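The listed protein sequences correspond, in order, to chains P and R. So the first sequence is numbered by the numbering used here: it starts at -11 and just counts up by one. So the second sequence is numbered by the numbering used here: it starts at 19 and just counts up by one.
Any given hint might turn out to be false.
[To be verified] A few chain R residues that face chain P, going by a derived Cβ cut-off under 8 Å, partial list only: (1) 23; (2) 34; (3) 42; (4) 67; (5) 83; (6) 91; (7) 102; (8) 103; (9) 104; (10) 105; (11) 108.
[As the list claims (entries may be wrong)] A few chain P residues facing chain R, derived, Cβ under 8 Å: (12) 86; (13) 87; (14) 90; (15) 93; (16) 95; (17) 158; (18) 162.
Since the hints were derived computationally from the structure, they do not count as laboratory data. Everything numeric in this text was worked out from a predicted model, so none of it was measured. Note that the Cβ used here is the ideal one computed from N, Cα and C, for glycine as well.
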Amino acid sequence: MRIFNRIVMAIIFLALLALGVFMVLYSFNLFGFKLSNLLNNNVLGLQTIQNGLKNFVNNVQNANLMPLAIAIMVAVAVVGLILLILEFKPPRPKKVRMQQGTYITRDAVEDEVLSATNETPHILDSSARVKARRSPGASVNLQANVRRGEDVGAVRSDLRERIQQRLSQRGVPVSKLKVKLHETDPRQTQSRVR
Amino acid sequence: MTNDLELARIVSEEVLATEGVYSLSSGKFVEAATYGAGGTVRGVVVRPEEVEVHIVARYQPDRAIPELTNTLIERVAPKTEGRKVAVVVEDIEVGDSANL
């Protein structure tokens, strides 16, 4: 949510900046912009907006809304509710909690996972994504490539075992380990032979 | 009562003297350090309620990281004037002797 909030705030501030610039231009009659022209020529379309709002409120009062308008209102309400829930949700921790007062960085866990993967026979290359959870333990999502025709099931189970063994030797708890193997052409991977 | 920088120095010396600690680490994106008039101590963040220690652990086959961090907390806690101690392992260094 922090990134989303930043993007929204950046857009709002940019809009305010643009409005501020126009305000200065109109206030000081610069470059032919005059404040009095705004209302006289209905440049802002205030009358149209007012009429549109009036019609909308009348339709709501008379329960005479178009299905599209109802759908849009429901969608806005649902999106608002989702954003509210996300705003109240505590942020995901950045470091993996091992036990009370002890943490390990996601990069360190990722290095260990990739080291274990590289030691596994038949794995041509791999990439790992580690997420921290609120409870102790890391959530690991590993993707690896093997040569076409390999026994994927056996390689996967070997890989899982090696990763779990390595992490448990280091004392890093893993709460979720997802291993996805892709059969691929070795010419498209980092290493062709294992 | 010692100031933050002095406290960070004391903690830093204690941490580096602990077996299994390869080095202190200042972190990757946001520098983990304590700043003061007399200098900077990297790898130790002194806060009013907590002291956070960022380390690079040395891999020891017979000793898992939680054991090392428990030892660290035991050693550092008496010197932090009642503050909680948190240990962040930034990396694990595998030495040549580890034979991996």
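Results for each hint:
no.	hint	in the structure
1	23	violated (23 Å)
2	34	violated (18 Å)
3	42	violated (14 Å)
4	67	violated (12 Å)
5	83	holds (4 Å)
6	91	holds (6 Å)
7	102	holds (7 Å)
8	103	holds (6 Å)
9	104	holds (5 Å)
10	105	holds (5 Å)
11	108	holds (5 Å)
12	86	holds (6 Å)
13	87	holds (6 Å)
14	90	holds (4 Å)
15	93	holds (5 Å)
16	95	holds (7 Å)
17	158	holds (5 Å)
18	162	violated (13 Å)
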